[in-house]
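Participant: Here's the letter readout for the chains.
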Amino acid sequence: MSQQPNKLTPFFENLNFERDDNTMVINFGPQHPSAHGQLRLVLELDGEQVVKAYPDIGYLHRGIEKMAENMTYNEFLPTTDRLDYIASTANNYAYALAVEKLLGIEAPRRAQVIRTMLLELNRVISHLFFLATHALDVGAMSVFLYAFREREYAMDLMEDYCGARLTHSSVRIGGVPLDLPAGWLENLAAFCDKVDYEVEHTYEALLTENRIWKMRLENVGVISAEEALSWGCTGPMLRGSGVKYDIRKEEPYELYSELDFDIPVAETCDSYGRYRLYMEEMKQSTRIMRQLIPMYKKTEPRLMAHAPQYISAPKEEIMTQNYALMQHFVLVTQGMRPPKGEVYVPTESPKGELGFYIKSEGEPYAYRLKCRAPSFFHTGLLQEILVGTYIADVVTIIGTTNIVFGEVDR
Amino acid sequence: MRKYTPKDNVQGKSYYTDRFWVAPRVPREAVEEGSHFEAVVNALGSQVKESYIEVGQLVFHIDASENFAVIKTLRDECGYKQCSEQSAVDYLAQDGEFELFYQLLNHAEAKRVRVVCRIKKGEAIESIVPLFKSANFAEREMYDMFGIKVNNHPFLKRIIMPDDWEGHPLLKTYPLQGDEFASWYEVDKIFGKEYRDIIGPENRDPAKVDRYDTKRFSRVGYEVPFGADISEGEKEQAIKYSETILVNYNAGTKQLDERK
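So the protein lines, in turn, are chains Z and S. Number 64 in the numbering used here belongs to position 64 of the first sequence; there are no gaps in the numbering. Number 1003 in the numbering used here belongs to position 3 of the second sequence; there are no gaps in the numbering.
Incorrect hints may appear among the rest.
[What the hints assert, rightly or not] Each pair of labels, with its calculated beta carbon distance range:
#1 Z:362 / S:1092: 36 to 44 Å
#2 S:1165 / Z:387: 27 to 35 Å
#3 S:1021 / Z:54: 25 to 33 Å
#4 Z:209 / S:1092: 42 to 50 Å
#5 Z:42 / S:1021: 38 to 46 Å
#6 S:1206 / Z:164: 45 to 53 Å
#7 Z:163 / S:1206: 33 to 41 Å
#8 Z:309 / S:1181: 38 to 46 Å
[Unchecked claim] For lysine-lysine, the following DSS-like pairs were computed, each having C-alpha atoms within a straight-line distance of at most 25 Å:
#9 S:1081 / S:1007
#10 Z:359 / S:1049
#11 Z:297 / Z:315
#12 Z:359 / S:1189
#13 Z:52 / S:1157
#14 Z:315 / Z:340
#15 S:1120 / S:1081
#16 Z:359 / S:1193
#17 S:1208 / Z:359
#18 Z:340 / S:1157
#19 Z:359 / S:1215
#20 S:1121 / S:1081
#21 Z:214 / Z:244
#22 S:1157 / S:1172
#23 Z:340 / S:1149
#24 Z:340 / S:1172
#25 Z:244 / S:1007
#26 Z:298 / S:1172
#27 Z:244 / Z:283
#28 Z:297 / Z:194
#29 S:1149 / Z:315
#30 S:1013 / Z:340
#31 S:1208 / S:1172
#32 S:1120 / Z:249
#33 S:1189 / Z:340
#34 S:1081 / S:1049
#35 Z:340 / S:1121
#36 S:1013 / S:1003
#37 Z:244 / S:1072
#38 S:1120 / S:1072
Hints were generated in silico from the structure; no laboratory data involved. Just so it is clear, CB atoms sit at the ideal spot from N, CA and C, and this is done for glycine as well.
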C-alpha cells in the first residue's frame, strides 16, 4: 500500500520494517539520545550487523551561510556561536581570524594572549563534553557526572570573562571586547591544576584500564590513515589514525608558534586510541594555558587592533573625540567594507579543521561565506565505517566521531 | 517612481554606498620562483590559466572540463592528499556563471591550494568522489544549495534540505525569508494546499499581539470566554480584586507592617 504523506494521514516510516531480503531498516534518530543531536541514521541491518548506513542530516539547518550573505561582518559574529555550540569561542575565533586575514590586520598582543587562552579553555570544555557523552553512550554514567562537574568550572571561567556560558561571542573582529577580570588568571591556574588532577586521577583511573571500556572501544571504528585523509577527517579523527597534523603546529596562528606543546598521535586507529588522544590533548591544553599566564602580564593593555577604517576606536575615544564617533557611527550603521578578494583560513577547533572561506566583493555583506565544518565530513565518514559493525558499536562510533549538529547542518 | 530592485540578486544590500567608493583588492602576489607552489604550477603545465598567491595560498584558475585531471595530478604528483572543502559561488547575476572552488591540503608541506573554475548555468561538473571521498558530501551540498549537477556522483541527492524541496537556497535569486513554496511547505505537506486559508501564514514576529484573538491571548482585566468574538466590542467587566489581599508595594514597607 502506498502511503500519501499528507492530508493528516499518519506516515509511519518506521513501520515498513521488513523487506524480502530479510534485512531490517531502522531509523536511528533524529531524536535519539545517542545521536548527539539531530542525526537520522538509516541503518540496514542483517541480524545485528549493519549492512548499509545512510546518515541523513539537515534537521538543524538554519541557513547560517545564507544569513552571512545578509548580515554585516560584525552582525554575523554572534551567529557563529550556533555552529559548534559546545565550544563557541573556537567558531567566533575562526570567523574573526578569516575576516582579519581579509582585512590584513592583526590583533594586539594582549588580545592574542586572551584569545589563545579562551581557545584552549574551549578545547578543554569540548573535550570534557566529548568524554562525558561518549562515556554515557557506552554506559559509564559516573564519568558523565564527573566530567560535567569540571566542565561547569570551565564554563564559570567563561562566564566570568564574557558573561555567557554557552554562546560566548567572546572574540571580536580585530581583538577581544574585554580585558580579563581581576583574579581570573588565578582561577585559570587553579582550574588547570584541577583538570590535570581529574584527568589523571578520575577519568583515566576510571576508564583507561577499565575492562568494559576497553572491550567496547578497542578495535571499534577503525579508520586507516588513507581513509581518514580521503574522507576529509581532521583534528582528533585524523591524528587518531596516525597522521600527525595539527594546524596549530603546522600552520601556526595566534601565539601557537611561541608556545611549547606536543601533538599526541594514536597509532591504533580505533576508538580507544582516539579516547587516549582526547585525554592527552586536555593535558596539552592546560600546559598551553599555564604558559600563557605569565605572557599576559607582559603585554600592553590594548585589546582591539588599530584600523579605523574597519574597527571602531575604543569607547573612551568614541565618547571624547568627534572623528572616532563618526567612524563608529558609519561602522555600526553600514558595516565595515573589506577589500575585494577571497580567503580561506583554517583553524584547529576542538573537533578538527574549522575553516571559513569568505568571498568579498568590497561590500559590507560577504558575497559568499562557506563554513568548512569538521563534523560535516566526519558525518559523511559514518556511511563507510559503520558498515560491517554491530548495532551496539554504532553508538560508540558516533560518540567517537564527536559530531555536533550545529556545525553539520549549519 | 518606485525604486528599482534587481530581481537577480535579492540579498541584503548596504543602504548607502558612497558614489566614489572604489573597493581596494586583497593583494595578489606572483608565484615565487623555486617555491613549492611553482613546482605545483609547473606540474600542471598548460592546464593552469591563471595563478597567484592570495593570503598565503596558491589560487589557480582552470577549465571546468579539466577539473578531474587537475585534481588527480595534484593528488598523485604534488602530494595534496586531502580535499578540505568544495563549493560554489553564485555569479549568475553578473556573468551567468558559477564559480567553483576546491580547497586542497598538502600535509607534508603544510600548504594549501585553491582550484577555481567557472561553469555556465545548467552545465554539469565532473565529480571528484573517485579521488576524494570527502567530496561525496561536499558535492551533494553544492547540488542542494546551488542546483549544480555533478556527473558520476554515486548518490547525488539533496542533503540538507528535504528531498521534495523546490529551489536552491544559496542562489542569489532566493530570498533570505524563503519563497512562497518555503513559507507554505509544512502546511502543504501536512494538510494540503486547501488548508492555507484556514491556517494562515506563519507568524514570524515573536512580539506580535492580536488584541482580538481570544484563543491565544489572555485579556487581563477583561475576561471573555475562550474563542469569543470581540471584534464588535466587549462589555466592561473589570475584575474586582479583594482589597484586603492586594498589597500596594509602591507605598513602601509601612503598609506591610500594618497588615501584620
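Participant: Confirm or reject each hint.
Facilitator: Results of checking the hints against the structure:
1. Between residue 362 of chain Z and residue 1092 of chain S the beta carbons are some 19 Å apart, a value that contradicts the proposed interval 36 to 44 Å.
2. Our hint of 27 to 35 Å for residue 1165 of chain S and residue 387 of chain Z holds, since their Cβ atoms are close to 28 Å apart.
3. At roughly 49 Å, the beta-carbon separation of residue 1021 of chain S and residue 54 of chain Z lies outside the given 25 to 33 Å, and the hint is violated.
4. Evaluation of the 42 to 50 Å hint for residue 209 of chain Z and residue 1092 of chain S yields a failure: the beta carbon distance comes to about 60 Å.
5. Between residue 42 of chain Z and residue 1021 of chain S the CB atoms are about 51 Å apart, so this pair departs from the stated range of 38 to 46 Å.
6. A hinted range of 45 to 53 Å for the beta carbons of residue 1206 of chain S and residue 164 of chain Z is inconsistent with their spacing of about 21 Å.
7. Between residue 163 of chain Z and residue 1206 of chain S the beta carbon distance is about 23 Å. The supplied range of 33 to 41 Å is therefore violated.
8. About 42 Å separates the C-beta atoms of residue 309 of chain Z and residue 1181 of chain S, a value consistent with the hinted range of 38 to 46 Å.
9. With a CA separation close to 41 Å, the supplied pair residue 1081 of chain S and residue 1007 of chain S exceeds the 25 Å bound.
10. At roughly 20 Å between alpha-carbon atoms, residue 359 of chain Z and residue 1049 of chain S fall within 25 Å of each other, so this suggested pair holds.
11. Distance restraint check for residue 297 of chain Z and residue 315 of chain Z: the Cα-Cα separation of roughly 23 Å lies within the 25 Å cut-off, and the hinted pair is therefore satisfied.
12. Restraint check: the Cα-Cα separation between residue 359 of chain Z and residue 1189 of chain S comes to about 36 Å, which exceeds 25 Å; the hinted pair is violated.
13. Restraint check for residue 52 of chain Z and residue 1157 of chain S: satisfied, since their Cα atoms lie roughly 17 Å apart, inside the 25 Å limit.
14. Restraint check: the Cα-Cα separation between residue 315 of chain Z and residue 340 of chain Z comes to about 29 Å, which exceeds 25 Å; the hinted pair is violated.
15. A hinted pair counts as satisfied when its Cα atoms are at most 25 Å apart, and residue 1120 of chain S with residue 1081 of chain S does not qualify at roughly 29 Å.
16. For the hint linking residue 359 of chain Z to residue 1193 of chain S, the alpha-carbon distance of about 39 Å lies beyond 25 Å, and the restraint is violated.
17. The hinted pair formed by residue 1208 of chain S and residue 359 of chain Z fails the criterion: a straight-line CA distance of about 37 Å is larger than 25 Å.
18. A distance of roughly 34 Å separates the Cα atoms of residue 340 of chain Z and residue 1157 of chain S; the hinted pair therefore is violated under the 25 Å criterion.
19. Taking the CA atoms of residue 359 of chain Z and residue 1215 of chain S, the gap is about 48 Å. The hint is violated against a cut of 25 Å.
20. Simply put, residue 1121 of chain S and residue 1081 of chain S have alpha-carbon atoms about 30 Å apart, too far for the 25 Å limit, and the pair is violated.
21. Proposed proximity of residue 214 of chain Z and residue 244 of chain Z is supported: the alpha carbons are some 24 Å apart, at most 25 Å.
22. Our distance criterion of 25 Å between C-alpha atoms is met by residue 1157 of chain S and residue 1172 of chain S, whose separation comes to about 21 Å.
23. Proximity of residue 340 of chain Z to residue 1149 of chain S is assessed by CA-CA distance (about 28 Å); at most 25 Å being required, the pair is judged violated.
24. Proximity of residue 340 of chain Z to residue 1172 of chain S is assessed by CA-CA distance (about 18 Å); at most 25 Å being required, the pair is judged to hold.
25. For the given pair, residue 244 of chain Z sits about 49 Å from residue 1007 of chain S by alpha-carbon distance, which is inconsistent with the 25 Å threshold.
26. As the CA atoms of residue 298 of chain Z and residue 1172 of chain S are separated by approximately 48 Å, the hinted pair breaks the 25 Å bound.
27. For a cut-off of 25 Å, the pair hint linking residue 244 of chain Z to residue 283 of chain Z stands: about 17 Å separates their Cα positions.
28. For the proposed pair residue 297 of chain Z and residue 194 of chain Z, the alpha carbon gap of about 22 Å is at most 25 Å, so the pair holds.
29. Restraint check for residue 1149 of chain S and residue 315 of chain Z: not satisfied, since their Cα atoms lie roughly 50 Å apart, outside the 25 Å limit.
30. Restraint check for residue 1013 of chain S and residue 340 of chain Z: the C-alpha separation of about 16 Å stays at or below 25 Å, so the hint holds.
31. About 30 Å separates the Cα atoms of residue 1208 of chain S and residue 1172 of chain S, which puts this hinted pair outside 25 Å; it is violated.
32. This hinted pair does not check out: residue 1120 of chain S and residue 249 of chain Z have alpha carbons roughly 40 Å apart, beyond 25 Å.
33. Note on residue 1189 of chain S and residue 340 of chain Z: the hinted pairing is violated, with a Cα-Cα distance of about 43 Å set against a maximum of 25 Å.
34. A threshold of 25 Å between alpha carbons decides the hint, and for residue 1081 of chain S with residue 1049 of chain S the separation of about 23 Å falls inside it, so the pair holds.
35. A threshold of 25 Å between alpha carbons decides the hint, and for residue 340 of chain Z with residue 1121 of chain S the separation of about 24 Å falls inside it, so the pair holds.
36. Taken as a hint, the residue 1013 of chain S and residue 1003 of chain S pair is honoured in the structure, with Cα atoms around 14 Å apart against an allowance of 25 Å.
37. As the CA atoms of residue 244 of chain Z and residue 1072 of chain S are separated by approximately 24 Å, the hinted pair is consistent with the 25 Å bound.
38. Using a Cα cut-off of 25 Å, the hinted pair residue 1120 of chain S and residue 1072 of chain S holds, with the two alpha carbons roughly 23 Å apart.
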